[in-house]
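Chains A, B and C, in that order, are what the protein sequence lines are. Note that my numbering gives residue 846 to position 185 of the first sequence, counting from 1, and the numbers run on in steps of one. Note that my numbering gives residue 293 to position 289 of the second sequence, counting from 1, and the numbers run on in steps of one. Note that my numbering gives residue 260 to position 255 of the third sequence, counting from 1, and the numbers run on in steps of one.
By construction, these hints were calculated from the structure, which means they are not laboratory data. Cβ atoms here follow ideal geometry from the backbone N, Cα and C, with glycine treated the same way. Check before you lean on any hint, since a few could be wrong.
To be verified - Below, in silico cross-link-like pairs of lysine to aspartate or glutamate (DMTMM-like), each with a Cα-Cα straight-line distance of 25 Å or less: (1) C:Lys98 <-> C:Asp412; (2) C:Lys153 <-> A:Glu800; (3) C:Lys153 <-> A:Asp809.
Claimed, not checked - What the simulated footprint calls covered on chain C by chain B, stretch by stretch (three residues with Cβ under 8 Å from a Cβ of chain B suffice, anywhere in the stretch; the number is not a length): (4) 232 to 246; (5) 255 to 268; (6) 278 to 290; (7) 308 to 317.
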Amino acid sequence: MRRYLMIAALLLALILPPFLDEFSLAILVQVFMWAYLAMAWDVIGGYGGQFSLGHAAFLGLGAYTSTLLLENFGLTPWVGIWIAGIIAGAAGALVGFASLRLRGPFFALGTIAFAELTQLLLTYLKDITGGPLGIMINETGFEYMVFDKQIYYYYLMLAFAIFGILFLEYFERSKFGVALIALREDEDAAEAVGIDVYRVKVLGAAISAFLTGMGGTLYAQWIHYIRPDTLVRLDFSTQIVAIDVVGGAGSPYGGIIGALILVPISLYLNALFGGMIAGLSILLYGVVLLIVIVLMPGGIYGFLRRFLARRGDHARG
Amino acid sequence: MIEWSAYSQLIFSYAILGGVYALTALGLSLIWGVMRAVNWAHGDLLMLGMYTAYWMVLLLGMDPLIAAIVAFCLLGALGGILHLIAIEPVIEKPGGHEATLLSTLGISVAIESMALILWSPSPRSYDNIYKGIYLELFGIRTSLAEAIAFSLSLIAIFLVDQFMKRSRLGKAIRAVSQNPIGARVVGINVSRIRLFTFSLGVALAGVAGVLVSTFYPNIMPLAGVVWDITSYIVVIFAGLGSIYGVIFSGLIIGIIEGIGAIIFTNAFRRILVGLVFLAVLLLRPEGLFGRALRRV
Amino acid sequence: MDRTAWILGIVLLIVGLAIGYFAAGPGAAKTVTQTVTQTVTQTATIPTVTTPPAKEIVVKVGVLLPLSGDSALIGQEDLRGIQLAALHINQGKYENIKFKINLIVADTQTRQDVGVTELRRLDREGVAAVLGAYNSAVTYPTAGEAEKIGLPYVDPEAIADRITAQGWKYVFRTCANASKYGYDAVWALYDMAKAKGVQIKTVAYIYENSDFGVFTISGVNKTLREFFPDAKVVYEESYPAGQVTSMDDMVAKLKAANPDVVFHVAYLNDAVLFVRTMKKLGWYPKVAYMGVGAAGQARQEFIDQLGKDADYVFTDTEWQPDFLTSKRLAKWAWINEDFKRMYGRDMVGSSALNYAGAYALAVAIQKALDSGANPNDLVSFRRAIRDALESLKIPAGELPLMPWGVDFTKAPNHQNPEAAVATAQILEGKFRIVWPLEFAPVEPVLPAPGWGSRS
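Kindly generate the complete structure, drawing on both the sequences and the hints.
Encoded structure:
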């Protein structure tokens, strides 16, 4: 049943674009992009139970890596994106080390500090990164991953989003994924069973950061202008987390569900009301976030799953 | 380059600033101690305290220090409501601490936008006698407003500490903070304690907001954000269970900022504090003055 | 209160809104000529445009501004300027502009991604041109997008130099760029110092560390070589404007270096904090404290919050009511009067610049219409507007409120070469224009008296 739904959704996603205008496509581009980023976070945030609030740092490191390689060496972002992932992944390993010592809210605060330091670092290494003035991407053309029309970005982001879902589906069944989940549930028991806590935590964080770093390249190529203060921002980190938790952390579909709900809410509401009552769309975003978190602790996916399961019981009974 | 007396002036100014940080962090430290909940909206509640002072002074001609009492009550009430909406329903469930982070984020965003819609982004400020008077002691100058904020910070910390040690309620709060399960076993109504603590924490944030507004320019919807992160850093530094730790860690943070600013640049302050914060988190997460964390 | 019901209700609401928006499409989207912006003293409503008779031409113009987020204060002020211009045009106050403007307002939330998305929405709404976006971080990507779409983009206020250095064909800037702000500030200082016989030997630069600060100060620095070749820069520091809780260290270092003049590029918060800290530590530059960039120090709130301590501060400014006392500009007083009636106070630099920019765009649109462009063929209409902008010439004195005009014919990079910035000094709690001399009703007080010598 689920499979059929997903295939139908996929077909819809594939054939829809030619009927949509640039504005709607731009919104969907962002939906898929944030969904992908949420899924990347989910690797350690949902499955690992490590609440990182500093993922914007990986976004920034990835974006800067590929952009600097592009602007200084002419390296195409299609290659640069992988290097961006590696650099971000290395930074992620650092965060993984930290997670060995820090738990829960301490870890969250530590990642916030980490992200802020990353932003400051990017700002002050002016000679390398261009500092607070940022870097503009002026190249155009497919080989530079810059497209004239949103529709190409749409398919690119859709591909990444699909990849994210498939990756998580595979991940949660893999030996490594199961080990990570076990660590989340009960670290001492997991250790007793012989799971190498050290390796799992560090590698898990590195994978999450790697994927996020690649997302950074995608973002840079879409917005064409990166700066530390507009890229490595706390509200990007919290947006990623909010999307995943609202959708349902620790599941392959949380990211896409959360993004499909929260991204259009903020962008459409802003389009409707932004010109008239400034701040209303943001207010509604906050209220929706609050309501979902309080009423649906497992996220929307978790809620749907339980809801459907309960209904199933009734039908059988 | 800077002469000696200027150094002592700077250290003094930054120590005063540190005292202010401690004041803003006090409420947070209580909440953190009892619930280990991250209140994302802390800075915004500070901002509401600032606006309370503004409207009280403007509409009723109140003295800011009296307005602090009003803020205490208003924000205490608001804190209770917020606690019931955003914290209590999730805190005891698994992943509750992280959930409070997001639910208070929603609240923070909502409060900021409401302030924007209701009061517009125009920066407000009000005249008060404390702002313009400068005190001088042994060649070191500070404004009366900052001096008052600093003193009240010390007084508030003393009062809270006494309350924690002497009153039944205070002891109950400490019990919950140290061992919630044990506290429940001896019959303490843990949820009610949490409600009270959160309300008190927010009320203190409101007072801090009023005092900050006497000397820090520009009351705006986003005014609280800059104090938020520093408050958290102070709280973590201080660690759990130590009220006096808050003032010491505030002072330390203030002075670290000062040293960073003097030796390098103003911009470097944040980097230095961030690095020190990470170091403390990694090396001594229980804070400099707190009890050792229980290994649960 | 069944939880399921709650959740279903909310989901339905969201789905309903989404469907409603999709179904409505570009034609039915809300258009705004009215705002309910809360201000400090009163709410103002601008009368809506009544449905025009069939023969009239209505042109949609997009407005892309930060109405929420960090830059909300200025974004909302900019909007007031643009809305007033639209209102006056629609009331027929300008005989040379015969069409009616329909403003479509979009909030960038001071965010790049939202800005770019909203630009696309404006495109979908069928706007003929766009005014925006104040923050250079948002202006770059949105202008770049507009360039790709072929949408004329007029920047009335963002000053980062690079916006007009990209070789874009559809992007135009009516105001001065950051370097010019720096240039005019130093030139003003030179004229004033010469008139008062004051020597300037040492200066210091303090500036916020984003493009605004960096470009403006570099403009100051280059110009300093020209006007004060023997002057030395004895101290320089940049700082993050949004994160300062204390500036004691900078003032202490300045006190030790003791420059004659301090040039400070700042936003409101840091500017006020800086002056307060100077007073606290008992120091003032020997000759002048000069705000550059017309941001923090040019705001009325700067005076409101500092009271008497704000006196003698110099600041560059795009516009002050003092301009209206000059013979050349007195004829525009009615614009400010209208603004005062609606909002209870005078216009400021932001609103005036945006008013002028909107007017310039309107003149270009009229030119395009006069040359036979069909407003219903959006693609060719936009191109015609672009061509009209490129050959736009509005002589000084015909651009409302401003002492300068617009001349893009001499500017291949579309940076208006005529735009300039005046200098004001705060005297007795008011901004008084002190340079250029033609518009200065009073003389500057130079050197500015230190704290001790004030009454």
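Where does the structure disagree with the numbered hints, that is, which hint numbers, in rising order? No numbers; nothing is violated.
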